[in-house]
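Sequences and hints are given; from them, build the entire structure.
So the sequence lines, in the order shown, correspond to chains A, B and C. Using our numbering, read the first sequence as starting at 10 and increasing by one per residue. Using our numbering, read the second sequence as starting at 4 and increasing by one per residue. Using our numbering, read the third sequence as starting at 3 and increasing by one per residue.
No lab work stands behind these hints: they were computed from the structure. Computed from a prediction, not measured in an experiment: that's the story for all the values here. From the three backbone atoms N, C-alpha and C, an ideal C-beta is built for every residue, glycine too. Please note that a few of the clues may not be correct.
[Stated by the list, open to error] Short, incomplete list of chain C residues facing chain A, as computed with Cβ under 8 angstroms:
id, residue
1, Phe64
2, Val100
3, Phe104
4, Val205
5, Ala216
6, Val276
What follows is each chain in one-letter form.
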Amino acid sequence: MFTSFMVNAWLIGSIVAVVAGIVGFFVVMRSSAFAAHAIPNGAFAGAAGANLVGINPLVGLGVFSLAAALGIATLSRRGRADAVTALALVMMLALGAAFLSQSTEYEPAIFSLLFGEILGVSTGQLWPVIALGAVCVVAVGVLYRPLLLTSIAPEIAAARGLRPERLEIIFLVVLACATTMTVPVVGALLIFTLMIGPPAAARCFSDRAPVAMGLSVLIGLLTIWGALACAYVTNWPVGFYVGSYSAAWFVIGRLFRAWRRAQGSRRARSGDLARENVLAGA
Amino acid sequence: MSGVASAPVLDVDEVSVSFGGRSILDHVSFAVHRGEFTGLIGSNGAGKTTLLRSILGLQRLEEGEIRVEGEPLSRHRHALGYVPQKVLLDPDIPLRARDFVALGLNANRYGFSRRTPAQRDRVEQILRDVDAERFADSRVGSLSGGEQQRVLIAHALVSEPTLLLLDEPLANLDPRSVQEIVALLHSVAKEHHVAVLLSAHEMNALLPVMDRIVYITNGRAASGTTEEVVRSDVLSALYGHHVDVLKLHGRVLVVAEPGQDDAEIPEHPTLTVN
Amino acid sequence: MRYLFEPGFFSSGPVHVAVTVGAVSALVSAFVGVFTVMRGQSFAGHALTDVATTGGSGAFFFNFSPLLGFLGAGVLGAGAMDLVGVERLRGRDIATGVVLGFATGLAALFLYLDATKNATTGVSQQILFGSIFTLNSSTIPLVVGMSVITLGVLALIYRPLLLSSISPDLAGARGIRVRLVGVLFMLTLAVAVGLSSIAIGSVLSTALLIGPAATALRVTKNLRAALVVAPILGVVATWLGVVLAYDSFYWFPSSQGLPVSFFIVTLIFLGYLVSGLPALRRRTSSPVATAPAREFKGVPV
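Dropping the structure here:
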């Protein structure tokens, strides 16, 4: 599985995992579950459109992801999402299906855009993907602390002169970039699990934000590597393994957390007991 | 304390705010000095939150001016520490109380620098001051209401502000925590020489420690010491109808005449249907 | 008229099936959808569509009718969600998202296996985006049967459902078995999702469930009116979609026309947008899709 044509897959897969781990860390912290569904749906329509028109799919992915991101930003400024957002989500998918229906490879294209493909990104796309990845990582790195505070306590951030709405837009754009590079590999319907699963698991293992982010990247890498290896061997879709391993890590993470909490309360109880004994003895 | 009046940290000068044609704040004026503990007392809807948001620069003023350290807010944002009313902290968030407090030092900084020893010491000191050391390494979201409140106060204090603003910090606390937090804020005002302004809809818990009160109803306010403000004549003028002020066992009760709506009076909280 | 209906429309067998299945599915989905939106259970609706995807693709692989797969998976999913009390969980978006991710991955596996092992073509498009023109007329009895049962159940529990949606406490005090009503409703939701999946595909089925309902709730004054308007909107959108899709075969000489589901979803989406125009809005703002049931006004009890 380390033949020259797979090397690309490993490389791109790793970059994708790192970016998903870093961006996903904040997706989870900000509970941007909606954006994490909406932007990939837009990406799907964009890729399908690009496929139809015959241009570079990354362009289609990028443009539509960005449009979806900015759409969400404006919609959420008008208040809490209502039915229009759910319908818009579905509309994007229907649009993608319509575009694909006009191409000759309707079926395989649907499949690979929705569920991913090992070699979803061809060699020619390597540099654009690296560039997108770099943008995402650098943006999050530079804005780490403001993002952290605005995600957890936006009012306090606003009082400090940070601008939560502005950061939200920047973050959505970063998410759009991350989506653009991830959808070809993992698929529009499964990118959510890669962006959510590893970070959600990681934060069960550590109380400290930087450590949790690092673990998020690590778990993401393990997930993608496992998925690529298994997909290569069995020929089954990458997305199936990504979905399964992400879910597995999530479960492991929560079990670990539950176990730690049980330990904590047992220690507290024995601590109380010790204190009571001391008081009783005194 | 000293005979000479020092310049106020916060000067609210004839501030008026309205939305949609409705007047929310009507020529409100008061000043807060370093080391003073001021209570902003009013029932829900009286205008407390709007006033606090105006001070924070999050709300546009129709009339009047707000000065922090004698100048517009934008030049002195670092002088303000703020504890908002409801901070929903999820226990799944991987951030320890200690790290959350440290964020108060450098939330505006870009990039990933390590914490300096001086910063670390400052965080330790503040945690000691608010008595939050025992849970400093727990996740912020897993703390109890009173514990979280201490951490939020520490976060606001760590950058050495001269003015500490708190929006209904006592609202969802049990009586014992209320006492503890009030005592803590009192010591913060006196020992850290910080101006403390907090809003509440019940003044009795604050009576022992309040230096000054700003009593607000329907957008109009009266400010001064509790002796000066919490009196029938002053409050009746403020409400626009007669109210009696009863003092019993060190507590204050403000009662409207029969036929008047008690809902405007802070001590009679209106039932809110969720 | 001649421009709207291309030659052969009324005599075509597949069109008859499409029109029948489409209408029945749209009808039931709209009814259930009104309650779903009113009860603020859109989240459950979305989750069930993902479950339906797995069910449909699995059923196809194991050689069952996808309709059975959609329905079966939906019912199981609804039961599981109710048991776990998933909607009230903290962090439910993340937990369900991850679990459903696994389900979707499984769907991908089934679709892949089906394409390679059974060498069937066009499975993905059929399950995910629907292909109402290729439905067998043998599905009609099951579709109609399930619809009648579902509507029957809804009629039976109409009043208790209404009351427990607005105020579970009040309903409980009046002796209504709120829990039972909730479970029964979830089952009708599962059936609605299954039916709309067979019509326009599992990935798009939310549109038929939520769209006409949300639109109706925007333009009508009360629930009873919405329950009349929503199915009308749904059926009109479906029939018009079928007509346009059939016609589209003739528009593009080279290809196979545009999918029916695309037309239906677009019409529903446009319908919702149009209902937002000030002239049409009878009720003042009400974020219905995510509103907790208690916020719903003007409901006759």
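Which numbered hints turn out to be false for this structure? Structure breaks hints 1, 6.
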